[in-house]
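Q: Here are the chains, one letter per residue:
Number of protein chains: 2
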Amino acid sequence: MTDSPVGRLLDQYDTFLFDCDGVIWSGSAVIPQAREAIALLKKAGKDVCFVTNNSTSSRTQYHAKFARMGYTHVQPEDIFGSAFSAAYYLRHHTPLATSGLKVYVVGSQGITDELDAVGLPWKGAAREPAMNDEPAGMADLSQIGDDPEIGAVLMGFDLHINYVKLARAYTYLRTRREVAFYATNTDLQFPAANQTMYPGTGALISVLTTALDREPDAVLGKPSPHMLDVILESRHLDPKRTLMVGDRLDTDIAFGKHGGLGTLLVLSGVTSLDLVDQATGEARPDYIAPSIGHLVDALGQPEDSSASAS
Amino acid sequence: MTDSPVGRLLDQYDTFLFDCDGVIWSGSAVIPQAREAIALLKKAGKDVCFVTNNSTSSRTQYHAKFARMGYTHVQPEDIFGSAFSAAYYLRHHTPLATSGLKVYVVGSQGITDELDAVGLPWKGAAREPAMNDEPAGMADLSQIGDDPEIGAVLMGFDLHINYVKLARAYTYLRTRREVAFYATNTDLQFPAANQTMYPGTGALISVLTTALDREPDAVLGKPSPHMLDVILESRHLDPKRTLMVGDRLDTDIAFGKHGGLGTLLVLSGVTSLDLVDQATGEARPDYIAPSIGHLVDALGQPEDSSASAS
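Line by line, the protein sequences give chains A and W.
Just so we're aligned: 216 in the numbering used here is position 216 of the first sequence, and the numbers increase by one with no gaps anywhere.
Residues are numbered in the numbering used here as their position in the second sequence, beginning at 1, plus a constant of 310.
Careful, some of the hints might be misleading.
[Unchecked claim] FRET-style restraints, in silico, Cβ to Cβ: (1) A:Tyr-287 <-> W:Gly-455: 47 to 55 Å; (2) W:Pro-439 <-> A:Lys-240: 21 to 29 Å; (3) W:Ala-407 <-> A:Ala-279: 29 to 37 Å; (4) A:His-92 <-> W:Glu-525: 54 to 62 Å; (5) A:Glu-77 <-> W:Pro-431: 50 to 58 Å; (6) A:Glu-215 <-> W:Arg-437: 48 to 56 Å.
[Stated by the list, open to error] Residues of chain W placed beyond 12 Å of chain A at every Cβ, according to the derived structure: (7) Trp-335; (8) Thr-404; (9) Ala-436; (10) Ser-452; (11) Gly-455; (12) Asp-468; (13) Ala-477; (14) Arg-478; (15) Asp-497; (16) Leu-514; (17) Val-517; (18) Ala-521; (19) Asp-523; (20) Pro-535; (21) His-546.
Just so you know, the hints here were simulated from the structure itself, not pulled from any lab data.
For glycine and all other residues, C-beta sits at the position ideal for the given N, C-alpha and C.
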């Protein structure tokens, strides 16, 4: 096996971290032969995890999606979404666990489910009603003031974003500088089916960063090191024996490089070979493949059975 | 009169442009003696206009507010809000008047009223419904696609902003680079009553500028020169004989300086004397006064009657 690139990957790495969108699926379509590649890695005794900046789903919700997409061997604890990593980080690395203060959430139910799972109280999210219709709307602004129960603002992707949520988050952060400010991720675009893009969490959060002239205290998604800390801590991994597989240079590959992981870029998502050619130094992935499905031919060879021993 | 600072103002300038918030009123409170100062300027034969970046109201709506606040001599055509200047600019300085294409509006009824007044067709604004509730929401995204009827996106302040509006504007601008992109203003904060601030148009628009990596083709409020062009064109003014009076260095004073106007900063709004002391060169106003109400004592002297002759 050590004579082939795939053999070298199997020899070098015990743990394989996969991005989701553009790597194992694209919208509601499975990447061809990606399921088989994952199954073969598991069969070869490798530890396989999934790492996504999408903050709209909890581990439980993702687990259902993995099963629906035919990734039947994936367990909830194998999935690291930015909603989970944000809740884990807030619970274990901030004073929120002991302060009794609440998290104000601009985001989806995936985030509030994960906060519930770690026992952190919260307000906001989809339950925050929008402004009344004009002309009453303008007068409603005066009802948005500080709330001393809030100790942190956590912002993620929010299909139901409205001015009340933005004004509340802004007011808490502006009124008391000690209110912490967290983001699940800072992707500027949100990828949808059929190569379509919409504004992402990073674009939505710029309403707060520009109005406040303040950046988040921590970003809990790729390429932030906090996301990797959460994975390493809860999974007890050796970075040097871990490979990050993704379709984006600025999140996935940068995430792996910053953390001292090996990196494999797949061309089944948003990055073309042209774009890779322009990348230099730290931005260049260690390995490139058309898709993880292409590993199957190599992994599926007869000599595969000797992979973990060679 | 020429021996006093106020006398020199009256000698030097025929036209006085006033910002509104923080200058003639603050929220729903009239600045003390500001009405009297305006009345005395008009009595002295001066041309008096009002210039505001607030895009939520049309000229007609502002006229009602001026009357309600006791500024009874102000006519609709004396009021230049950024909703009016945006509609005027789009009608007279872009191909929209002849292309038959529509303006997609993220903003309030003030903007759509002004577009109606100049005969430009539009879509969007408050009529754009928000996303359905989860879990249907995510699937709704696929209904947001390009619309070939749209020739420009115009964004202003919007209390009823939602993801559908943002995603539509983003999609039009991303899909066709020839779709023009306009902003009524780029103020990062929106001043409300009692010294409170909320996120402003400039903060809301950063969702689009960051996701698209594209700045607006034109900003139609202060300190953009387009706003001044609209005033000068429709009012036939001489910039050298015009004084801009405002409470902000970065919008009002910069607006006046860029346009070759005289500038008077009043301290009745957001700018303190400390902040003025830190300003250098182009950022420094020509004149400073505690408020326009303080002009009354000087303007009200007996020699006032000789002001226009002296």
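Q: Determine for every hint whether it applies to the structure shown.
A: Results for each hint:
no.	hint	verdict
1	A:Tyr-287 <-> W:Gly-455: 47 to 55 Å	violated, 36 Å
2	W:Pro-439 <-> A:Lys-240: 21 to 29 Å	violated, 52 Å
3	W:Ala-407 <-> A:Ala-279: 29 to 37 Å	violated, 46 Å
4	A:His-92 <-> W:Glu-525: 54 to 62 Å	violated, 40 Å
5	A:Glu-77 <-> W:Pro-431: 50 to 58 Å	holds, 55 Å
6	A:Glu-215 <-> W:Arg-437: 48 to 56 Å	violated, 35 Å
7	Trp-335	holds, 14 Å
8	Thr-404	holds, 25 Å
9	Ala-436	violated, 7 Å
10	Ser-452	violated, 6 Å
11	Gly-455	violated, 8 Å
12	Asp-468	violated, 7 Å
13	Ala-477	violated, 5 Å
14	Arg-478	violated, 10 Å
15	Asp-497	violated, 10 Å
16	Leu-514	violated, 6 Å
17	Val-517	violated, 5 Å
18	Ala-521	violated, 4 Å
19	Asp-523	violated, 8 Å
20	Pro-535	holds, 23 Å
21	His-546	holds, 34 Å
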